[in-house]
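Engineer: The residues making up each chain are set out below.
2 protein chains.
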Amino acid sequence: MALIVHKYGGTSMGSVDRIRNVAARVAKWHRAGHRMIVVPSAMSGETNRLIALAKAIVPEPDPRELDMVACTGEQVSVGLLAVALKSLGVEAVSYCGWQVAVRTDSAFGKARITAIDTVRLDAALNEGKVVIVAGFQGVDPHANLTTLGRGGSDTSAVAIAAAVKASECLIYTDVDGVYTTDPRIVAEARRLERITFEEMLEMASLGSKVLQIRSVEFAGKYQVKTRVLSSLTPPEMDLEEEAASGTLITFEEEESMEQAVISGIAFNRDEAKITVTRVPDRPGVAYSILGPIAEANIDVDMIIQNQSQDGLTDFSFTVHRNEYERAMRVLREEVVSQIGARTLIGDAKIAKVSAVGIGMRSHVGIASLMFRTLSSEGINIQMISTSEIKISVVIEDKYMELAVRALHAAFGLDQPG
Amino acid sequence: MALIVHKYGGTSMGSVDRIRNVAARVAKWHRAGHRMIVVPSAMSGETNRLIALAKAIVPEPDPRELDMVACTGEQVSVGLLAVALKSLGVEAVSYCGWQVAVRTDSAFGKARITAIDTVRLDAALNEGKVVIVAGFQGVDPHANLTTLGRGGSDTSAVAIAAAVKASECLIYTDVDGVYTTDPRIVAEARRLERITFEEMLEMASLGSKVLQIRSVEFAGKYQVKTRVLSSLTPPEMDLEEEAASGTLITFEEEESMEQAVISGIAFNRDEAKITVTRVPDRPGVAYSILGPIAEANIDVDMIIQNQSQDGLTDFSFTVHRNEYERAMRVLREEVVSQIGARTLIGDAKIAKVSAVGIGMRSHVGIASLMFRTLSSEGINIQMISTSEIKISVVIEDKYMELAVRALHAAFGLDQPG
Numbered sequence: 001m002a003l004i005v006h007k008y009g010g011t012s013m014g015s016v017d018r019i020r021n022v023a024a025r026v027a028k029w030h031r032a033g034h035r036m037i038v039v040p041s042a043m044s045g046e047t048n049r050l051i052a053l054a055k056a057i058v059p060e061p062d063p064r065e066l067d068m069v070a071c072t073g074e075q076v077s078v079g080l081l082a083v084a085l086k087s088l089g090v091e092a093v094s095y096c097g098w099q100v101a102v103r104t105d106s107a108f109g110k111a112r113i114t115a116i117d118t119v120r121l122d123a124a125l126n127e128g129k130v131v132i133v134a135g136f137q138g139v140d141p142h143a144n145l146t147t148l149g150r151g152g153s154d155t156s157a158v159a160i161a162a163a164v165k166a167s168e169c170l171i172y173t174d175v176d177g178v179y180t181t182d183p184r185i186v187a188e189a190r191r192l193e194r195i196t197f198e199e200m201l202e203m204a205s206l207g208s209k210v211l212q213i214r215s216v217e218f219a220g221k222y223q224v225k226t227r228v229l230s231s232l233t234p235p236e237m238d239l240e241e242e243a244a245s246g247t248l249i250t251f252e253e254e255e256s257m258e259q260a261v262i263s264g265i266a267f268n269r270d271e272a273k274i275t276v277t278r279v280p281d282r283p284g285v286a287y288s289i290l291g292p293i294a295e296a297n298i299d300v301d302m303i304i305q306n307q308s309q310d311g312l313t314d315f316s317f318t319v320h321r322n323e324y325e326r327a328m329r330v331l332r333e334e335v336v337s338q339i340g341a342r343t344l345i346g347d348a349k350i351a352k353v354s355a356v357g358i359g360m361r362s363h364v365g366i367a368s369l370m371f372r373t374l375s376s377e378g379i380n381i382q383m384i385s386t387s388e389i390k391i392s393v394v395i396e397d398k399y400m401e402l403a404v405r406a407l408h409a410a411f412g413l414d415q416p417g
Numbered sequence: 001m002a003l004i005v006h007k008y009g010g011t012s013m014g015s016v017d018r019i020r021n022v023a024a025r026v027a028k029w030h031r032a033g034h035r036m037i038v039v040p041s042a043m044s045g046e047t048n049r050l051i052a053l054a055k056a057i058v059p060e061p062d063p064r065e066l067d068m069v070a071c072t073g074e075q076v077s078v079g080l081l082a083v084a085l086k087s088l089g090v091e092a093v094s095y096c097g098w099q100v101a102v103r104t105d106s107a108f109g110k111a112r113i114t115a116i117d118t119v120r121l122d123a124a125l126n127e128g129k130v131v132i133v134a135g136f137q138g139v140d141p142h143a144n145l146t147t148l149g150r151g152g153s154d155t156s157a158v159a160i161a162a163a164v165k166a167s168e169c170l171i172y173t174d175v176d177g178v179y180t181t182d183p184r185i186v187a188e189a190r191r192l193e194r195i196t197f198e199e200m201l202e203m204a205s206l207g208s209k210v211l212q213i214r215s216v217e218f219a220g221k222y223q224v225k226t227r228v229l230s231s232l233t234p235p236e237m238d239l240e241e242e243a244a245s246g247t248l249i250t251f252e253e254e255e256s257m258e259q260a261v262i263s264g265i266a267f268n269r270d271e272a273k274i275t276v277t278r279v280p281d282r283p284g285v286a287y288s289i290l291g292p293i294a295e296a297n298i299d300v301d302m303i304i305q306n307q308s309q310d311g312l313t314d315f316s317f318t319v320h321r322n323e324y325e326r327a328m329r330v331l332r333e334e335v336v337s338q339i340g341a342r343t344l345i346g347d348a349k350i351a352k353v354s355a356v357g358i359g360m361r362s363h364v365g366i367a368s369l370m371f372r373t374l375s376s377e378g379i380n381i382q383m384i385s386t387s388e389i390k391i392s393v394v395i396e397d398k399y400m401e402l403a404v405r406a407l408h409a410a411f412g413l414d415q416p417g
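Residue numbers (this note's numbering), protein chains in the order written: chain B, 1 to 417; chain P, 1 to 417.
For the record, the hints were derived by calculation from the structure and aren't laboratory data. Please read all numbers here as calculations on a predicted model, not as lab measurements. Check before you lean on any hint, since a few could be wrong.
Since the list can't tell identical chains apart, any single copy or any two copies may satisfy a pair.
Stated by the list, open to error - For lysine to aspartate or glutamate, the following EDC-like pairs were computed, each having C-alpha atoms within a straight-line distance of at most 20 Å: (1) K110 with E60; (2) K165 with E323; (3) K349 with E60; (4) K349 with D238; (5) K55 with E325.
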């Protein structure tokens with residue numbers, strides 16, 4: 001009689017038949033005696049359709065109103081899934097984010113969850129109902145509807161699992177787990193049975209699209225046992241087998257496991273690079289560049305500033321490609337001349353490739369192996385950034401696949417561990 | 001500086017270009033100095049699409065969950081309209097029913113508005129914003145989402161106009177006013193410049209699809225000056241001219257007007273007739289038949305019970321065709337044998353045709369003219385029902401158009417009044 005959270009992506013909810021399949025799977029878990037909360041995404045294509053409608057009216061729609069429109073996709077999903085469950089004789093009830101309530105800040109389009117009330121969830125669970133909660137959405141302190149950004153339903157699911165202290169959060173998706181890298185690029189990529197929370201965090205932040213990064217942060221912060229598994233198995237699959245499939249995100253490095261040095265190669269083509277050249281190197285200059293960017297609510301990923309020469313330095317950072325134009329505009333209008341920089345250089349044709357592994361902590365030589373491998377393929381490294389368990393490089397985007405394949409082989413990920 | 005409510009139907013909101021047109025029209029009113037609340041319907045076809053999705057899962061979806069799904073259409077509309085208005089430089093904000101809040105009972109799919117809070121509306125109006133409120137939807141005392149039934153956005157608009165004490169509620173629709181009858185059936189049908197509230201109530205209840213009947217009831221109860229006018233005129237049309245177009249629903253019989261005896265011929269093919277035959281005629285029998293129907297939340301329109309013979313009587317009533325099968329099932333399972341009735345006869349192939357006019361009060365002979373006209377066309381009358389200002393007959397549905405044309409001519413509606 002565990003309390004379990006299931007999350008289903010847009011593909012799983014993509015048609016009436018697929019929704020019936022989700023309902024059958026959830027019913028199986030419920031009938032096995034589990035208390036169930038289900039968090040579905042919008043039907044595949046629906047969020048894009050809604051956003052395209054708003055953008056057809058004006059290219060940059062008001063963010064509050066865009067959220068008003070975009071969050072309806074999940075509302076439709078929860079209602080349809082409840083209809084499907086009830087048609088199977090399973091008592092179910094659906095809730096929008098605000099009804100639960102999933103409370104967020106007011107950063108429309110990329111809101112953060114601040115709290116989740118559990119009174120209504122607990123009440124419905126205690127009545128034996130399957131509770132279906134709309135992912136991706138919440139409500140701000142002024143009762144405005146908000147959305148959490150792309151992939152936000154993962155975050156909703158993990159945050160709800162944390163709030164209700166669920167035994168496990170199962171993220172059903174169209175891949176069957178977390179791989180050493182994307183199998184579409186490297187045929188030898190292998191599924192990991194387990195991955196540590198920290199590795200998963202790096203993988204997610206580096207563009208592995210399996211889980212939204214904030215869902216991994218939530219999982220880590222609240223120690224939510226989270227599993228990524230396939231939604232493509234038949235709903236009538238043996239429950240024990242299903243429960244052990246996919247990739248489990250763990251919170252301890254297990255002594256018994258022979259720890260690979262590198263767990264995976266992540267990559268990302270979603271970023272753009274911006275360099276402000278010949279900036280006077282004085283205190284506060286980084287803030288004077290990134291302050292206006294932050295105020296415009298643009299997220300920054302890598303930041304590089306080298307040793308200055310002649311009191312001048314080049315300042316580089318990366319942003320999401322979708323925000324590249326806007327970031328360039330902000331810098332042109334509010335920053336470049338004000339700080340006396342010489343020029344502004346932008347490049348959207350970049351890719352970031354990273355080696356991630358908890359084993360890196362205790363091994364030297366990872367960086368040099370990485371740089372040697374890329375060099376021997378003739379790939380120039382534009383930027384480098386490191387953390388305790390990952391090394392990332394920015395390269396020209398046309399070399400991305402080549403770099404991923406070369407690194408996957410060089411770190412021995414092609415062979416079963 | 002009047003406070004004005006506009007309501008736009010699904011056709012007016014049917015595409016991005018049309019939404020831009022609505023925004024341009026609203027902007028014109030706002031710039032003329034009016035304080036504006038706008039109530040849009042879902043984009044045309046959207047509500048049907050959503051309901052079809054739910055019904056594809058199971059033919060009779062759970063009503064609460066169906067409302068959860070169905071009310072998203074209007075939410076999309078309000079967001080898109082706000083986006084469009086803001087793109088024209090007009091400050092605007094959209095609200096769902098629950099955000100305002102539009103409070104209703106818990107009769108899912110046909111909820112009734114019980115109260116409308118105006119704090120949030122007033123605050124936004126005082127900030128000079130155009131306030132856009134989703135029609136068709138509300139929230140029940142348990143924070144469940146509800147819908148008001150087909151055409152419910154009219155009711156939302158009029159109820160909101162009543163709550164904020166608006167000067168006028170303008171219902172923009174794809175016809176340019178209320179006609180003596182449907183011009184698609186009678187080419188000579190004429191637009192009425194004014195119609196009394198009571199006539200409009202009868203016209204609406206009798207199937208004239210211009211306004212939902214509950215919106216007319218609200219308009220009457222709270223004396224909301226309501227105008228039905230065309231949404232097909234160009235948005236840049238002269239405002240004074242636009243404000244005087246269409247049909248105004250009035251609350252006084254104006255002495256100065258030469259009052260026509262009959263204002264219009266209404267008709268309705270949406271009903272089905274049910275007769276329980278040979279019912280023992282004892283106290284409580286009507287209740288024992290209609291009680292279970294009411295409990296099943298099925299609305300009944302006409303009710304006929306004739307003088308009994310031999311202590312037995314036939315009991316007939318009409319319901320909406322959509323609820324015909326369900327009503328027959330309720331009667332078969334819970335009523336017929338219990339009350340000792342002989343048989344149950346149903347007929348969905350009927351039409352109701354009605355003559356409506358405030359002038360009928362002071363004129364005799366209307367009924368006889370009506371019956372004579374139908375008789376001379378060879379049309380058999382199956383049921384008759386009357387009110388102070390209307391006479392309705394039920395006939396075989398294939399004669400409906402003929403009956404409407406004959407009556408429109410017989411009552412002199414073909415000639416300009």
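Engineer: Hints first: check each against the structure and report whether it holds.
Structural biologist: Status of the hints after comparison with the structure:
When the C-alpha separation of K110 and E60 is checked against a cutoff of 20 Å, the pair qualifies only within one copy, where the shortest distance is 15 Å, while the shortest distance between copies is 37 Å. With identical chains, the CA atoms of K165 and E323 are never at most 20 Å apart, being 36 Å at best within one copy and 45 Å at best between copies. In this assembly of identical chains, K349 and E60 lie within 20 Å of each other by CA distance neither inside one copy nor across copies; the values are 23 Å within and 52 Å between. Taking the closest pair of Cα atoms, K349 and D238 never come within 20 Å of each other, the shortest separation being 46 Å inside a single copy and 52 Å across copies.
When the C-alpha separation of K55 and E325 is checked against a cutoff of 20 Å, the pair qualifies only within one copy, where the shortest distance is 16 Å, while the shortest distance between copies is 44 Å.
Going down the numbered hints, you'll see the structure goes against 2, 3, 4, while the others check out.
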